[in-house]
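In order, the protein sequence lines correspond to chains A and B.
Residue numbering for the first sequence follows this note's numbering, beginning at 204 and increasing consecutively.
Residue numbering for the second sequence follows this note's numbering, beginning at 60 and increasing consecutively.
The set of hints was computed from the structure by calculation and includes no laboratory data.
Among these hints, one or two may not hold up.
Covered stretches of chain B (chain A as the covering partner; in silico rule of three or more C-beta atoms under 8 Å from a C-beta of chain A) [claimed, not checked]:
id	region
1	73–84
2	155–164
Quick look at which bits of chain B chain A covers, simulated, 3 or more residues with Cβ under 8 Å [claimed, not checked]:
id	region
3	63–70
4	142–152
Being a predicted model, the structure only gives us computed values, none of them experimental.
We put the CB at the ideal spot given by N, CA and C, even for glycine.
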Amino acid sequence: MRTGRSARCIGTPSVLRSRGRVVSEPVIAVEHLHKRYGDTVAVDDVSFEVERGEIFGLLGPNGAGKTTTVECLQGLRRPDGGTVRVLGLEPQAEGDALRRRIGSQLQDSGLPARMRVWEALDLFASVVGGEVELDRLLEQWGLADKRSAPFASLSGGQQQRLFVALALVHDPEVVFLDEMTTGLDPAARRVAWDLIRAIRERGTTVVLVTHFMDEAERLCDRVGVVVRGRLVALDTPPRLVTRHVPEIRVTFSADVPDLSFLSELACVRTVGRWGRRVEVEGVDPVVALVANALVQRGITPEGLRVDQPTLEDVFLRLTGEIPEEA
Amino acid sequence: MGTFRRMAWLEVKLLVREPITLIFTFAFPLLVLAVLGQVFGNTPDPEQPEVFRGVGPMDYYLPGYIGLSIAAIGLIALPVHLASYRERGVLKRYRASGLSAGLVVGSQAAVGALAAIVGAALLTIVGFLGYDVHIPESVGGVLLGFAASVVCFGAIGVLLGAVLPSARAAQGLGLMLFFAMMFLSGTDGPREILGDVMRGIGEAFPLTHSFIVMQDPWIGFGMNLGRLAIVLVVAVLAGLAAVRAFRWE
Numbered sequence: 204m205r206t207g208r209s210a211r212c213i214g215t216p217s218v219l220r221s222r223g224r225v226v227s228e229p230v231i232a233v234e235h236l237h238k239r240y241g242d243t244v245a246v247d248d249v250s251f252e253v254e255r256g257e258i259f260g261l262l263g264p265n266g267a268g269k270t271t272t273v274e275c276l277q278g279l280r281r282p283d284g285g286t287v288r289v290l291g292l293e294p295q296a297e298g299d300a301l302r303r304r305i306g307s308q309l310q311d312s313g314l315p316a317r318m319r320v321w322e323a324l325d326l327f328a329s330v331v332g333g334e335v336e337l338d339r340l341l342e343q344w345g346l347a348d349k350r351s352a353p354f355a356s357l358s359g360g361q362q363q364r365l366f367v368a369l370a371l372v373h374d375p376e377v378v379f380l381d382e383m384t385t386g387l388d389p390a391a392r393r394v395a396w397d398l399i400r401a402i403r404e405r406g407t408t409v410v411l412v413t414h415f416m417d418e419a420e421r422l423c424d425r426v427g428v429v430v431r432g433r434l435v436a437l438d439t440p441p442r443l444v445t446r447h448v449p450e451i452r453v454t455f456s457a458d459v460p461d462l463s464f465l466s467e468l469a470c471v472r473t474v475g476r477w478g479r480r481v482e483v484e485g486v487d488p489v490v491a492l493v494a495n496a497l498v499q500r501g502i503t504p505e506g507l508r509v510d511q512p513t514l515e516d517v518f519l520r521l522t523g524e525i526p527e528e529a
Numbered sequence: 060m061g062t063f064r065r066m067a068w069l070e071v072k073l074l075v076r077e078p079i080t081l082i083f084t085f086a087f088p089l090l091v092l093a094v095l096g097q098v099f100g101n102t103p104d105p106e107q108p109e110v111f112r113g114v115g116p117m118d119y120y121l122p123g124y125i126g127l128s129i130a131a132i133g134l135i136a137l138p139v140h141l142a143s144y145r146e147r148g149v150l151k152r153y154r155a156s157g158l159s160a161g162l163v164v165g166s167q168a169a170v171g172a173l174a175a176i177v178g179a180a181l182l183t184i185v186g187f188l189g190y191d192v193h194i195p196e197s198v199g200g201v202l203l204g205f206a207a208s209v210v211c212f213g214a215i216g217v218l219l220g221a222v223l224p225s226a227r228a229a230q231g232l233g234l235m236l237f238f239a240m241m242f243l244s245g246t247d248g249p250r251e252i253l254g255d256v257m258r259g260i261g262e263a264f265p266l267t268h269s270f271i272v273m274q275d276p277w278i279g280f281g282m283n284l285g286r287l288a289i290v291l292v293v294a295v296l297a298g299l300a301a302v303r304a305f306r307w308e
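Required output: the full structure, derived from the provided sequences and hints.
As structure tokens, then:
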């Protein structure tokens with residue numbers, strides 16, 4: 204069941220391609236990627252494609268294999284099986300050429316403690332021989348007043364902004380952002396999200412690794428859910444929600460003795476009531492149909508509230524699914 | 060070579076901002092020079108000409124202090140620097156950004172060589188001015204021995220930095236090797252007064268050979284080609300092993 208679903212998800216981009224007029228190679232193509240560390244299987248038969256200009260998310264709990272996957276994509280780790288192509292290049296064989304065209308904000312990486320912000324930008328820009336407008340870059344990433352600050356003196360948020368700036372300093376075609384908002388306070392996370400959207404605006408493809416559901420839901424065009432090394436689902440966030448957790452709960456208060464007309468609606472699954480309080484559970488488009496049915500009968504629901512499932516519910520359902528099948 | 064120049068210059072600046080490394084590389088050998096210069100002076104002892112090979116103690120020691128300065132860079136500064144880069148994920152970040160291993164290691168080795176030159180120049184100037192050290196009998200020979208020693212300890216430094224997992228490990232092992240070599244290579248107490256066992260152990264240390272390939276031409280014994288060959292072989296072996304062992308994380 205699960206594999207069947209994954210296969211269908213993976214098929215989606217190629218279907219789009221054959222239907223669309225512009226036939227473009229996917230920026231990233233991963234087929235049957237396997238990676239082991241000793242006896243531990245880190246990545247188990249993962250396949251997906253990323254289209255140019257998309258924000259693609261890899262979502263999963265810690266240790267699920269997300270980071271290993273993107274490190275294989277960057278040629279930083281050698282896969283044990285499967286094929287990986289990024290920008291048409293083979294990351295292991297053509298790593299140096301590839302790394303000049305991609306940007307990377309790595310987890311668990313750093314800079315020399317006493318290296319200054321402008322020095323780091325200057326060094327990383329020189330890799331592709333590009334001259335950078337340091338001032339513009341510093342301004343853009345809100346680091347203008349930190350220009351000469353040593354790396355070690357920066358706050359977590361400033362370090363992250365510097366890393367993202369470094370990842371983009373050579374105008375890469377694809378940028379990998381690995382847990383870039385981990386350790387940031389809520390305000391700094393909002394700023395980081397704006398930055399990610401800004402990156403996409405420039406036409407850069409973004410691969411975002413995260414274990415934050417809200418982040419994936421807000422930012423990503425498509426999300427792959429990775430659990431224990433396996434890609435268990437892949438789709439747009441709304442479609443993931445509709446497919447995996449379709450239940451929508453509508454609650455309101457009304458003085459109506461007979462609610463059987465609601466149960467007769469096709470999309471409604473259960474109707475419950477506690478005094479004046481009514482709870483209807485169903486699937487899309489339950490909200491519109493329930494509201495319509497009530498209005499037609501001249502009933503005004505008070506305090507109508509809709510509980511929509513989120514990616515988090517999808518995630519919990521998908522991660523809960525694994526032990527039963529294992 | 061824009062990136063190499065930038066990186067090497069950056070490493071120079073980082074070295075200057077790291078006072079502990081500076082002290083160990085430059086001030087420590089100078090301090091040893093000053094203390095032993097005070098104790099022994101530079102007048103040959105006619106009673107025991109064999110102890111300092113018939114020359115003044117400071118003429119005898121100065122090439123050794125230059126060797127110590129080179130060894131401090133190769134055994135401590137370089138490995139600690141490289142290992143801490145690995146530990147903090149600096150190497151990983153560099154690699155992901157397309158900076159090659161050769162570039163990273165090469166720039167550090169270049170800066171190490173520069174530091175060795177500065178250290179040797181400081182020691183020589185202080186030796187000339189403060190302790191009447193004589194100008195080398197063969198300047199060319201001393202420079203050749205110096206260059207070979209710098210390459211040798213540069214390679215050892217990169218090797219240690221390549222295999223040691225953390226800055227702490229590099230510091231521990233580096234200090235141990237440094238002091239063992241300092242005492243048994245003749246750079247702190249002439250080899251001539253060491254017992255056979257200690258001298259035998261000293262023969263296993265590259266600093267012994269580095270010391271002699273600089274000392275011999277300095278005090279008029281000509282170039283010691285056998286020991287020069289040893290220094291160069293160690294350099295090549297350490298360099299090859301470093302290339303094989305180098306890990307980014």
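Against the structure, the hints:
1. 73–84: holds (count 3)
2. 155–164: Since 5 is at least three, the answer is holds.
3. 63–70: holds (count 3)
4. 142–152: As far as the region 142–152 of chain B goes, the hint holds, because 6 residues have Cβ atoms under 8 Å from chain A.
Hint check: no violations occur; every hint is consistent with the structure.
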